[in-house]
Amino acid sequence: MTRSLNGESILKGLVQARIEFVVALPDIVTCDELLWPIARRQPFRLVNVCKEDEGVSICAGMSYAEKRALLLIQHTGFLDSINAIRVMGMDYQLPIVMMIGLQGLEKQRAPIQSEQNGVRIIEPILKTMEIPYHVLSRNADAVVIPEAIDEAYTASHPLVFLIPGFGDDT
Amino acid sequence: MTMKRDQALRMLSQHYPDGIVVPVYQSAFDWMGIRPHPLNYLCTGAMGQGSSHALGLALACPEEPVVVLDGDGSLLMNLGSLVTIADQSPRNLKHFVCQNGIYEVNGEFPIPGKNSIDFAAMAVAAGYEEAYTFAEIDAFSRALPKILATPGPIMIALQVEAGETFPRDYPAIHSAQTRAAFKAALAARCIG
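Protein chains in written order, with our numbering: chain A, 1 to 170; chain B, 1 to 192.
The shape of chain B in the complex, shown without the other chains (with noise of 0.2 Å):
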């Protein structure tokens, strides 16, 4: 059983609207259309990425919730980020995983593991304080408000499949407008 990701996300939305969030691949550009936001963290620029620019701002801003949006396929990049992250630990950190199973905006192509991997298990064996996987929108909905309240890190696999997609605004990510806007939301709001 999978959820729609808009879903998902629209639920996030609806509990989280206007902190951090470091969303990336197709989650970047459907969370641009579902919850347009200055503190969108769009431009991790290198595939795999996003869960170390979410580090740094959670480091950085340590009062300040940041939740990433990850892809299966880019965690699968960068999975030692999970070790990082939890050598760190920031209690400020929500570390959400849209498993979809391919790289979707690279052809659909399955990614490696897609049938056994368990990113959940994966982030409490890196040392993540709590985890969860998520194939229900009802179930999804019950949890989240408890897991954004709990300090982090927290892992929250969503395995999802598309739902309504978003135009893919590559020119909107890599914008030295979208990355000014960050900037200055971000002094407005933990700086100073």
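Here chain A stands alone, though its shape is the one from the complex (with noise of 0.2 Å):
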């Protein structure tokens, strides 16, 4: 699997999305090119948690007032929260809209094909809750993040985006 993605895209998506405030707890994966950088600029308002599954329950609440919010988290905190999501998402269908960094995937391989339990088996709960999902792994696949988020909030329904990880390792 080629990596060649940048957080700007994403973020540029995400302002495209009219996302507000990102719920996160950081990432490896994800911290230098996303929540650096969102913790530093306009528009986005951060709230840091302090346990993923508060993040979901905060964006629950923000739902109701048509406040759109991305919880940005690692792999680890979404199997962790998995109880929260699937009342909040599964159970309400409440717009709970995602972002996983998968930390130990290794580089040109697909999530589903990593040696790391932890990421291998994320794609299948995904499957098996019925959360739709992105993998963004070029700059190219993050044009699919506005309109999958408008989506989500539309029709109301939980939206994850998986990251690989970033910078090209082809």
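In case anyone wonders, no lab produced these hints; they're calculated from the structure. Computed from a prediction, not measured in an experiment: that's the story for all the values here. One thing to keep in mind: the hints can contain errors.
[As the list claims (entries may be wrong)] Derived CB-CB ranges, DEER-like:
| # | chain 1 | residue 1 | chain 2 | residue 2 | range |
| --- | --- | --- | --- | --- | --- |
| 1 | A | Gln42 | B | Glu64 | 18 to 28 Å |
| 2 | B | Val105 | A | Gln93 | 21 to 31 Å |
| 3 | A | Arg45 | B | Asn106 | 31 to 41 Å |
From the three backbone atoms N, C-alpha and C, an ideal C-beta is built for every residue, glycine too.
Fit the two chains together into the complex; they arrive one by one in their own frames, and the hints show the way.
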């Protein structure tokens, strides 16, 4: 798998999608390219959380007020938050939009081919939970962000973007 | 000394008749009976998450007061939220905790630390603006108007025991109709 992704292409998509709040817990995959720039620039308001399931619920509360939020976390935090995501996303069908760094994914491998079991099980879990997702491996992949987020909020359902890593690792 | 939970909630409803409230578990069932209102946010779903839902609402609607009626067992599951709330410092958030020392709807088994835990001290240590503990209804009644008028975040720990209890209407708190009613009421209140 070729990686030629930079944070700017994702940030551009988030701005176009009218994301106002970014609720986050730092992840080594996304920290330099996304979290630090988000912390430093408008129009995002950053909400640092102590644990990822807090973030699921914060995004849920915001969704009732028609405020768009992104939950920026690591795949381990997603796994730790499954129950909150199950209720808010599957049972209540709220637009919980998550961007998940796949820490430990080997270069040039798809997530499902990873030797890291925590990474390898993410896509099967998302499919089981019937949560739509996109793998953002290249800048060209990021063009889906605005439309996917619009659709998640319009139809009211959860959404995941998986981030294998940044840079050009070909 | 403790006070009856329904007494405390009735007192709150007198002074806070129509604002946003995020009640959890037995407090939610009692609150539904004491103050039925579309701005009751009943769908917190996962145990422990009430304070985080309330923070989301408070940040999204900064001009609207938000009250969370937490439980002691619930808050123990999400103590980090005290730090997150203090860090964001929403002036419109009041964090009540009904402290009865048990997991009331889960078999009435004691919570860990039931004889020693001090939520008000935890909140202050986390960075809340103010924190109080009340074990007597008269003292709570005297202090409540000023607490509600003071910018938050403020923690109010209520040492309670069950008084009049209300039916545990789980279908209502998980219903799509309840969520739709809340969203419509919130839109009328704070959107556009």
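Against the structure, the hints:
1. Remark: the range hint 18 to 28 Å for A:Gln42 to B:Glu64 is upheld by a beta-carbon distance near 24 Å.
2. In this structure the hint that B:Val105 and A:Gln93 lie 21 to 31 Å apart at CB holds, the actual value being about 25 Å.
3. The hint said 31 to 41 Å for the Cβ distance between A:Arg45 and B:Asn106, and at roughly 36 Å that hint holds.
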